[in-house]
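Undergrad: Here the protein sequences come in this chain order: G and D.
With our numbering, the residue at position 70 of the first sequence is 89, and numbering never jumps.
With our numbering, the residue at position 68 of the second sequence is 704, and numbering never jumps.
Check each hint, because a few of them may be wrong.
Label-pair ranges, simulated between beta-carbon atoms [claimed, not checked]: (1) G:Glu126 <-> D:Glu1024: 41 to 47 Å; (2) D:Gly866 <-> G:Arg53: 44 to 50 Å; (3) G:Glu126 <-> D:Arg776: 32 to 38 Å.
These are computed hints drawn from the structure, not numbers from a lab.
Only a predicted model underlies this, so the values are computations on that prediction, with no experimental measurement involved.
Cβ coordinates follow ideal geometry from the N, Cα and C atoms, glycine included.
The residues making up each chain are set out below.
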Amino acid sequence: MLRPTDAELAILHVLWDRGPSTVRQVFETLADARETGYTTTLKLMQIMSEKGLVRRDESARTHVYAASVSRDKTQQHLVRDLLDRAFGGSAASLVMQALSSHPTSAEERREIEQLIAEYKGRSKGKAR
Amino acid sequence: MKEALALALVHFVWQGALLAMAGAVLMRVTRAPTVRYAIGIATMLAMLLAPVTTFLAIRSASDATLGPPQPATFTPAHAVAEGDLRTRTSIRAVSARDATPSASALTAVIVPTAWILNIWGMGVLVLSLRFVGGWAVTRRLASGTLIPVAEELQALAAEVAERLNVRGAVRVCESASVAVPMMLGCLRPVIILPPAALVMLSAAQLEALLAHELAHIRRHDYLVNLLQTGVETLCFYHPAVWWISREVRQHREHCCDDIAVGVCDRLTYVTALSSLASLATPQFALSAAGGSLRDRVRRLIEPTTHSASPKGAWIAMLPILLVISFVAPHAWGTQSATPLGAQPVIEMDQARSTVAPTAPVEVSVAEEAVQATRATTAREAVRQRQLERTRAEAERAVEARAATSQERTREVRREVDRALAAERAARAAGTRNAMEQSEARRALGESDLALLESRMRLEELGLARRKELADKGLATRQTLLESEAQLNHTRREVEHARIQHELATHERLATTHRNFSELDSTDMLEAQDRLTISIDGEPDLPTMFTVRDDGSIRFPFLGSIRVQGSTASQVQSAIRKLLSDKGLARNAVVSVSASRIR
């Protein structure tokens, strides 16, 4: 499940509080707290619909949006995400990883490939 | 009690430095990662035990002294610094009751207990929280979305486990939340693979990686790592602890690398590692514990040039820690903190003087060892390169010699072929000349014979006519006799010519027989071969044909027929087919025989 951004989270809160609403309703609720435009909110909700965070009901003339993820689940997910970020490093030092090193830079990778190629050449020479 | 703890923590500063130094020197002696790992673990254990022992020693020392210790003769530090060590120790022994010299030395430091304990306590608390959080994350990972891998992979893992003598059941699962293969758990170990690895790596590479993780399981590295983290938490304030911890982790990875390379091919393993490295940035942070991948790869595939020494952080650490260890007590000594034994810093001087002389000696010994190993490695590298160069030159020389001998053989063969061809051509020419001559003679003889025969016939006719006339009485007897005589003469000439002709034919046959060898029906025709072709019912066609240089013969009405490479019987059927194709004769009986100049 994707982690919602701050703005998306705000919209989700509105949807959780108000239930299924139109864009206009969401915008009006949000406009009290933030300085966003109607079109911005509309664009965001469309993106969220594509991401799968909200559902869109197109039966009426004005589309009605509803949150497709529950509040509890999202909160759980966020907390878990936070824990992972906070303690990820410490967790990493507890497990035995195959590659326990900082991510290799492109230069390092090139060097490694060169070393491997040299080794291949040497071992072919020995086999001959 | 609290003071004892604080003192123990403070003394660990120099104890830890010494232990780290000792560990580093010992590690330099050997190259095997297993031994170095063991040395590192031993050092860490010692580092854990040192403050404990100090604490207990101080506790027993303070217990021994009942009541406030009496202050001995207080002499300023600078005046007594060059004094007699033994005197000072004896002074202390006199003043304190039942206190060992070492314990008194330890207790001579004046420390701000509260500060130290607070700071240490907070550090331990923070690190413990971090540990607990990390532990929770790993637990969630182990029991979270784990999908057991395919049967074949499980079987492969089981087989490798058996080869490596890993006891107990090992689970192999895949999970989308990890970015690199990892192992966790001590009682029920599980190896988790990222889906990308299952897709990207070949079976051999997976086997190598599994071997690496199983090696961790066999060596109980997870448990040792937990204890290591414990030591890190308790002695967090000493950089030597972090340094030795990092060294231990590095060598642990090296040991498992060696085990994995023992199970599979070195190249496979190294390629597997480098493929993993090219995965996208992980969500799960990679710890900086194992050393860079490049160094690991280099160690595996360039053993001769690998530098044998652990990182020399301790060289830089040593003076700093020594400074700390004897500046701090001075600084704190001026404060009026709660002293445990109001002994001045004189005792600390004793400790310092024992520490200081030994340190430079150890440094120089270590430096010499470093230089020696570096020289040996350099010499080895040079020798290795020389060996390779000589080998390459030898190979090149062998190849060159083989090439020249081949060339010469080819030349000789070409010359021989040329000589043989010339000889055969000359012989063929000679034979052809002889053949042509006898042929000509025969032809001449034949035409002579034909001429004579026709004359004979004429004379016979003339005689018959004369006879008729003589019977009629119109010709004289004399003319009749003359014609008869003439006829007999001609008959004799004809006989002669016939015999000549026969002789010539025989001669030709003999010549042919002498100079030609019959080819049988399976021999393939070549240029300069003689073909005798006769068609039944056609006695007037030429019968002798010589295969021309372009491999064909010219047959009347049929044109050029390619005969080179065919056998006599094939030529026979070809001519028959051509005759019927051209509508000249159907089912002609053709006989072909071939002979070649000897």
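Undergrad: Each hint: holds or not?
TA: Hints and how they fare:
no.	hint	result
1	G:Glu126 <-> D:Glu1024: 41 to 47 Å	violated, 28 Å
2	D:Gly866 <-> G:Arg53: 44 to 50 Å	holds, 48 Å
3	G:Glu126 <-> D:Arg776: 32 to 38 Å	holds, 35 Å
Comparing the model with each numbered hint stated earlier shows that hint 1 is the single one that does not hold.
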